[in-house]
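Residue numbers (this note's numbering), protein chains in the order written: chain D, 1 to 467; chain E, 1001 to 1767.
No lab work stands behind these hints, which were simulated from the structure alone. Yeah, the Cβ is synthetic: ideal placement off N, Cα and C, and Gly gets one too. There may be inaccurate statements among the hints.
[Stated by the list, open to error] Listed next, with one range per pair, are the computed distances between beta-carbon atoms:
| id | chain 1 | residue 1 | chain 2 | residue 2 | range |
| --- | --- | --- | --- | --- | --- |
| 1 | D | Asn152 | E | Asn1424 | 25 to 35 Å |
| 2 | E | Lys1501 | D | Asn156 | 27 to 37 Å |
| 3 | D | His10 | E | Asn1587 | 49 to 59 Å |
| 4 | D | Arg30 | E | Asn1197 | 51 to 61 Å |
| 5 | E | Lys1072 | D | His28 | 23 to 33 Å |
| 6 | D | Asn152 | E | Asp1060 | 52 to 62 Å |
| 7 | D | Val59 | E | Ser1589 | 34 to 44 Å |
| 8 | E | Asn1450 | D | Trp169 | 51 to 61 Å |
| 9 | D | Asn424 | E | Ala1143 | 37 to 47 Å |
| 10 | E | Lys1072 | D | His10 | 33 to 43 Å |
| 11 | D | Gln86 | E | Asn1424 | 48 to 58 Å |
[Claimed, not checked] Which residues of chain D face chain E? A partial, calculated answer using Cβ under 7 Å:
| id | residue |
| --- | --- |
| 12 | Cys104 |
| 13 | Tyr235 |
| 14 | Val310 |
| 15 | Gly314 |
| 16 | Leu441 |
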Amino acid sequence: MIEFILNNQHIKTTQPSGSTVLDFVRYHKRLMGTKVGCREGDCGACTVLVGSFENNKLVYRNMTSCLMPLTNVQGKHIVTVEGINQSELTPVQQAMIDTNGTQCGFCTIGFVMSLTGFVMNETCCSYTDAIKAIDGNICRCTGYKSIEKAANILSNKITERPTSNATEWLVENKFIPEYFKNIEDRLRLIPNPVSQPNSSDVLPIGGGTDLNVQKHHLVKKSETLNLFDNPSLKYITQVTDEIKIGASVTVAAFEESTIIQNILPDIKKYTKLISSSPIRNMATIAGNFVNASPIGDMTIFMLALNAKVVFNSGREIYLKDLYKGYKQLDKTKEELIQEISFKLPITGSVFNFEKVSKRTHLDIASVNSACLLKLNNEGIIESAHLSAGGVGPYPTYLTKTATFLTGKKLTDDVIEQAINIMQNEVSPISDARGTKEYKRLLLRQLFLAHIQKQGVEVFNLLNDISA
Amino acid sequence: MSTKKTISDSKDIKSFTGPDFYNHVAGKSIYVDDIPAMEGMLFVKVFDSVIAHGKILSLDYTAAEQLEGVVKIFSAKDITGENQIGGIIPDEPLLADGEVHFCGQPVLLIAAETEDAAEEAYHKIKVEYDPLPVITNPREAFAKGKLLTSSRKFQLGDTTAAFKNCTYVFEGTTEVNGQEHLYLETQGAYAYPTEHNSVRVYSSTQGPTQVQKTVARVLGIGMNQVEVDVARLGGGFGGKEDQASAYAAMAALVAYVLKKPAKCILNRMEDMRMTGKRNPYSSDFKIGLDKELKILAYEVTHYQNGGAAADLSPAILERTLFHSTNSYNIPNVLATAHSCKTNLPPNTAFRGFGGPQGMYVMECAIDYVAKQLGVTADIIQRKNLLKDGDEFSYGQIVSACEAESCWDKLEKEVSIEKIKEEINAFNKENKLIKKGYSLMPICFGISFTNTMLNQARALVHVYLDGSIGVSTGGVEMGQGLNAKMMQVAAKEFGVSLIRIKVESTNTSRVVNTSPSAASSTADLNGKAVQDACKQIQERLVPFIKQELSIGINDTIYFVQDILYVNGIATTHNWKQLIAIAYVKRINLSAKGHYATPVINFDKTTEKGHPFAYHVYGTALTKVTVDCLRGTYELDTVKIVHDAGASMNPAVDIGQCEGGLVQGIGWMTMEEVVYNENGKLLSNALSTYKIPDIYSVPNEIDIEFLKTEKDNLAILKSKAVGEPPLMYGIGAYFAIRNAVLAFNPNTNITYHAPITPEKVLMGLYSKK
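My request is simple: use the sequences and hints to build the entire structure.
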């Protein structure tokens, strides 16, 4: 039995906990405003708002309902477009009309929901935030310029919004209906998600952003173990020189963490290259690890921080040792990741994450790479960690290259040798994301981008090294 | 009854974008999959071929059919009528019969009570194939004599003689890839049986009559037994002009045979692998210029990748020839085109309909000349723009030309010379970031090139309470058609917009419709609406004059529902007078008809006057390329577009922006990838990327060249659906130019799209 609030309606359902929120709202509740576009989180036509407690505060985030398993709605507020409709259009809906932000209309509801999520998010107020809110929504008709104008109108409209407890203001200004005022109290009456015992016929699931893309037909009929809302897996803490991250921490929670922002000031620049806002709201870092995609962005990211994973069995290994072959992990079926940890980078270290894909945002990398280098005062590399995706059967930690670099200065000669070693460490294949020749060249370029971030001029190297 | 004042009187009428939009933003608009399911509805799932070419040796679906919830599995032999869906040429079965010709070709239909049962059955079906050789490349198909239709040749002057007089002659080869439509709403239809052995079909189609015709043919019944209804599409872009018919026929077949409602909606991956896309082209060009850089001669041969069946490719091929010289005056032209049969899903219409592919080659030829001679392409482009009195290769004489006026207006605002200087200075300063720019003039002919299709009908009812219902043959797919139809009726009658409702497109109300395509929907259907309104007015005016004792020579008209006599408002209004008209038994309903005058085309000579008019424009594109990573950003696109007297600038700007971005997608990141076995690799949204909000140009600035010249457009407001797509071609050349600024010795070929891969390989390659 799953219990939650759908718009203004209290729901108790015995639908399979692995079935999707999209199918539930459309085909069980016949709320047809939420559309089926791609069923893989890549278009946003099915976007809904999900209200849940974060640090005891009710927070709404936009998520793609096609990937969200029903188990993850326990005790939450799911809002579809029908749940924000009022006798007159909301300011978000009005802005989309005033700027001609809708043509065929099929994607429109997704934009309306994401922008409504933006105005409800008390930490967001700028135009950039508004655009970020709709970075997972694809429109094939408008060319987005009109929608940008709608985003601009809305970011201006919310300048008067109170910085906390804004529900009243949002209701007064017709962004959301009156019933939202009572949702928090109503939600508190619903029992918290119950963690079922782990058994072999129950499917453990995090945000669903990988499982529901690849194994949709399996998941939808399964009973699931909700890892996503397990409170004991949702923390980011610093213990002396170590950062500890619960397995169910999402990419969004990671980038929003002040602890992480202090260590990696460019974090939001990097995560902007990783999927989209609604997916980051759902995707867990540990999920990215165990999916073992050769281009998993967060895996590549964490490899360069030389992260460790701790299983629920108590076993602890370095992330770089988790991968044994294509989709092969050093992990038993019963083992689940409990925690991810990494040592605070030594003062003076420089971290960099690079990713190139056909489309810069909301795309899967052709090649991605991360690098953490610590140079001493003489310019000698004291420690080096380097990772690359899309160049082998699993996310690759470039052991040989990193070992070679350690103890050396970043001279042109050393860089060239490092590139040669690196090229021998990888084995890219040609696929829809590029030819193997391209991926090799791109790996070199991204490595040089890491070097450039160290303040080394790389232009001359480009001329010296022929492709 | 002159009603000139109504539009100018009402400012908001021009920014009225449509009655649908209030429902769109509230999620209340109904698409096919949103129609409430009737009791007993069956789900129809397509079982398709996994190989691109081969004989079907055996087909075993007994186990699948016996599964609980599976009602029946249909093969070719279960088709009650003809197993044929080919529109132009009858060369495409609905369900494969003995052989398959592309991956994704429908073989069987599963009808089941639930989606899960259909899915399970799908996995229980066993097929054995005997594979045959697979061809994916159009030149290979041509060499083996595999053509979908006879080749075409447009000829003007004598190129052979002209090349002898040229100072410069260059030759080259180009490749341009296809494009997935990626309408957000996938293909689908919902059908149920009605009385008298008939069916009603709700289809997401641009061509209701094409669906009706195909369903009737497949079922073996009359067109009068098939009612097709279309409320709206969640995007079409050409992909639902012809290809919606197959899925409608499948739903209808199941409904007709099993006497149950049936729904066939493709999921995204099915849609991507089963349906055709924009035709890829491989082309050879030869161009000759005099010493003043006037183009004297141009020869081009196009090898169109048609896919496994003709679909609309023969007509697309024709439009490629019509647009092979873009907006340039070239006195000697020889343009040849071959429609090549390959083992890919049958390629089809896509915004521009072969025109963009033809223009791309022309622009490559000019760019190539420019690079060889060390000038910028815009110098050659400007010198050769069309003027009134010039002749197109197909014999139509250029008139009301706006090629130079659009270019010059843009030039006046931005100064190409200054841009050139700025970019050169920037590129000198920056080693790893380079900028590039390009100009892209367009000229696009408006009318279906098949003259027959240039007709339309509309049904206008004035109800006795004064409200008005308008039905046309046009389909609303986001292009703002309903808004424009309402404007036309409001203007003709002189009533307020709220009186008017545009009905769904229904083949029982408006018959023998042409597809909503060729940018002509508003022109054709709008003129039919005008005709219907005029007929009603011709009955109303004498009646009102008699009823109110107004002199026979007095002028009367309505403005916002109020009756004016000789320019003076009266106390009489529309609602009140209609009520009386009904009592006095005036016919308040009319069917309008329109057939575009003037146009003609003779395919035996390949000469004529095929287009009602042309649309012109020029785009300037500026880009920045990151030469370390091979990525790019589009800084600015500035456009001067020939809109005529736009009747709805809000809608028309939306079409320009959307078309431009779609064209940019085609030229940059959208890469349709098939492997050598004809299997689609870019088969989902995770592997096929269309522009997102971050990848569109930072600035898009569209200005209309406003003209009041007489033309055949509805209210002189020129067609706008397709032409802006071709501005996107400018992005290709701007990016290419930035690559050349970094690496003048690059071996980069003329091969679109220019993906980050092509850019990076281009940046670090040598000739």
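Verification of the supplied hints:
no. : hint                             : in the structure
1   : D:Asn152 / E:Asn1424: 25 to 35 Å : holds (34 Å)
2   : E:Lys1501 / D:Asn156: 27 to 37 Å : holds (35 Å)
3   : D:His10 / E:Asn1587: 49 to 59 Å  : holds (56 Å)
4   : D:Arg30 / E:Asn1197: 51 to 61 Å  : violated (31 Å)
5   : E:Lys1072 / D:His28: 23 to 33 Å  : holds (27 Å)
6   : D:Asn152 / E:Asp1060: 52 to 62 Å : holds (60 Å)
7   : D:Val59 / E:Ser1589: 34 to 44 Å  : violated (57 Å)
8   : E:Asn1450 / D:Trp169: 51 to 61 Å : holds (59 Å)
9   : D:Asn424 / E:Ala1143: 37 to 47 Å : holds (41 Å)
10  : E:Lys1072 / D:His10: 33 to 43 Å  : holds (41 Å)
11  : D:Gln86 / E:Asn1424: 48 to 58 Å  : holds (56 Å)
12  : Cys104                           : holds (3 Å)
13  : Tyr235                           : violated (31 Å)
14  : Val310                           : violated (31 Å)
15  : Gly314                           : violated (36 Å)
16  : Leu441                           : holds (6 Å)
In this structure, the hints that do not hold are numbers 4, 7, 13, 14, 15, in rising order.
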